[in-house]
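K.L.:
So the chains spell out like this:
2 protein chains.
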Amino acid sequence: MKEKIKISIDLMGGDNAPDKTISGINLFLKRNKNINDCFFYLFGDENIVKKKIEDSNYLNDNYKLIDTKIIVTNELSALSALKKGKGSSMWESISSQNSINADVTLSAGNTGVLLVMSKLILKTMEGIGKPALAGLWPSNDGSNIVLDLGANVECNDKNLVDFSEMGSALHKSLFPEKKAKVALLNIGSEELKGTETLKNAYTKLKILDGLGDFKFNGYIEGNQITSSDSNVIVTDGFTGNVALKTAEGVANFLTKNLKKSLSENIFSKLSILFSYFSLKKFKDKLDPRKYNGAIFLGLNGPVVKSHGGIDALGFSYSIELSYKIAKGNLINIIKNNLENIKKINEKG
Amino acid sequence: MKEKIKISIDLMGGDNAPDKTISGINLFLKRNKNINDCFFYLFGDENIVKKKIEDSNYLNDNYKLIDTKIIVTNELSALSALKKGKGSSMWESISSQNSINADVTLSAGNTGVLLVMSKLILKTMEGIGKPALAGLWPSNDGSNIVLDLGANVECNDKNLVDFSEMGSALHKSLFPEKKAKVALLNIGSEELKGTETLKNAYTKLKILDGLGDFKFNGYIEGNQITSSDSNVIVTDGFTGNVALKTAEGVANFLTKNLKKSLSENIFSKLSILFSYFSLKKFKDKLDPRKYNGAIFLGLNGPVVKSHGGIDALGFSYSIELSYKIAKGNLINIIKNNLENIKKINEKG
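Just so you know, the protein sequences line up as chains A and B, in that order. The numbers in the first sequence follow numbering that gives the first Met the number 0, run straight up by one, and end at 347. The numbers in the second sequence follow numbering that gives the first Met the number 0, run straight up by one, and end at 347.
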């Protein structure tokens, strides 16, 4: 029998949990009827979730429910969550990678707590200085990977090189048919621009270009994050987070203004009738829910963070992401990449 | 007789100069027939520009042409431009603030060279550590000011406080009817988040809140840059430049995808007929050309940088911006703000 992909899900994290998380699992299974090698470890309070799960149309013999009574709420600081959070649905869903060989953990709970708990339980991978949060951005020909999105406010050049290796491993696990093309986010494409940290990372990545598992494209500016010339965009967590939030803000601002314009008179309202399917396709293609899920990279096991405020459909896409990176052997690819760097460093 | 606002324009900078710059002046004058207190010092090669200016419909007795033979090209580094650039249209248009009392300088030429020349000729204002580039962003109720957009890759807390003072002075000169509301761009709105530099700037701005000429709103995230809650967004030049370019990229990406969707079939094409005026209004309102012009703040005179690649219409809006900040007494307001800080520091 084929080995199953074992996904551990924290049912209790995020807004409207556990309704959202359980509906999300159903939506994922409904959309992916061809996937038959998926098994869920579900963590939550049996009294609350059992009935909902049994009522589900798609969860049958493909799950195991693990009863956890403690819930990590959004109000807790990382420190108090660590004190009180042992045995919580979040804690146990991470620990299951050690105790019952789960392949990946997914939670929509408090980001800070999830990062700290994951680091404590799964430990940082040997050779990695700082773990990082990576996300998917829509691009001209599919999706680009951007990291770090906020795990590390300050980074050195070694961190940025690690992020390049981990980001291209993530790319390989998700899109094995495409070559990873790494670029450093900067404020100009000339070699002279940017901080010392960026210049040092540039020099190191130039050496790895071609030797490692990725092509190095040098610097890009913010307006090229959605381009298809590069598909792994590397930056520190402060800049990455500002870029991500700015992009969200601009997208919301534009669509809000567009909607307003299209509903201002009878002609424009009529036009929506004619363009309904085209506009729907436009909206569907760029629906942020499809890009839901940030991957915490650099630990000995993969952890996926779903947006806390997202709905069931958005949550279902973060399950898809979790399935893909586990199926794509993310952790092994990262380890291989790091071995490569080590060999190159030893030689050079 | 009322004192004229004297605008010095480098006719030779940017793509398609001097055609673009001269057409831009005409467009500005055509659009603003009510403005009758505007006088232009125009700098460029007489052999090239004289005929074009004389053919102009709107430039009559409201200008003086100053013949300059040297042109600062985009290929020059700042250093070689300084060596070769004395007497150029760019150099002379800046110097005119000292020699013939011009109120403001506008150029679409090489940004780096313009910044270095301006600093050298106009000198940094007493009390300011680093000058900064400020720009206008469309917001929910008009325009927000964002700075620094790239003049300073690294900034300390004093720089960020200076930027807050200068940004709110710029706000006052452009929108005297509204109160400036300053916010620091960060990766979370909680006081605990961000770099040490940001935390120190936060503490200092909290003290100035209410005492100075602005309200201090604390931290905001990238998705609030277009909100109307704050209207002066302060950040270092690296982050500001990445945010600006990312916003441009996302806006282009979305409009390109929208156009594609709306032209994919006969129904959606038909819909464009019905929504033509609404879509045009949408496009007009958010036309990036209307937001053209970055203001170099912190020198003893105002310098405006137009986008080099923008067309005549875009250039005409940077003339409007130059006129407004000179008319609004930007430099005096900045000086007053700095006096205020000085007094507060002396007292406290």
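Accuracy of the hints is not assured; some may be wrong.
A pair counts as met if it fits within one copy or between any two copies, since identical chains are not told apart.
As the list claims (entries may be wrong) - Keeping only pairs whose Cα atoms sit at most 27 angstroms apart, straight-line, the calculated BS3-like set for lysine-lysine is:
hint, residue 1, residue 2
1, K177, K255
2, K341, K3
3, K122, K282
4, K279, K50
5, K129, K280
6, K192, K82
7, K3, K51
8, K323, K63
9, K122, K192
10, K177, K259
11, K129, K198
12, K180, K255
13, K85, K192
14, K51, K255
15, K205, K3
16, K214, K82
17, K50, K122
18, K259, K280
19, K214, K258
20, K83, K192
Read the hints as simulated data drawn from the structure, not as lab findings.
K.L.:
A separate judgement is required for each hint: does it hold in the structure or not?
P.N.:
Right, here's what the structure says about each hint:
no. : hint        : verdict
1   : K177 / K255 : between (35 angstroms within a copy, 24 angstroms between copies)
2   : K341 / K3   : neither (32 angstroms within a copy, 68 angstroms between copies)
3   : K122 / K282 : neither (40 angstroms within a copy, 50 angstroms between copies)
4   : K279 / K50  : neither (35 angstroms within a copy, 53 angstroms between copies)
5   : K129 / K280 : neither (39 angstroms within a copy, 48 angstroms between copies)
6   : K192 / K82  : between (45 angstroms within a copy, 22 angstroms between copies)
7   : K3 / K51    : within (24 angstroms within a copy, 75 angstroms between copies)
8   : K323 / K63  : within (20 angstroms within a copy, 68 angstroms between copies)
9   : K122 / K192 : between (36 angstroms within a copy, 24 angstroms between copies)
10  : K177 / K259 : between (39 angstroms within a copy, 25 angstroms between copies)
11  : K129 / K198 : both (19 angstroms within a copy, 23 angstroms between copies)
12  : K180 / K255 : between (34 angstroms within a copy, 23 angstroms between copies)
13  : K85 / K192  : between (47 angstroms within a copy, 25 angstroms between copies)
14  : K51 / K255  : neither (36 angstroms within a copy, 43 angstroms between copies)
15  : K205 / K3   : neither (39 angstroms within a copy, 56 angstroms between copies)
16  : K214 / K82  : neither (44 angstroms within a copy, 39 angstroms between copies)
17  : K50 / K122  : neither (35 angstroms within a copy, 73 angstroms between copies)
18  : K259 / K280 : both (19 angstroms within a copy, 10 angstroms between copies)
19  : K214 / K258 : neither (41 angstroms within a copy, 32 angstroms between copies)
20  : K83 / K192  : between (47 angstroms within a copy, 23 angstroms between copies)
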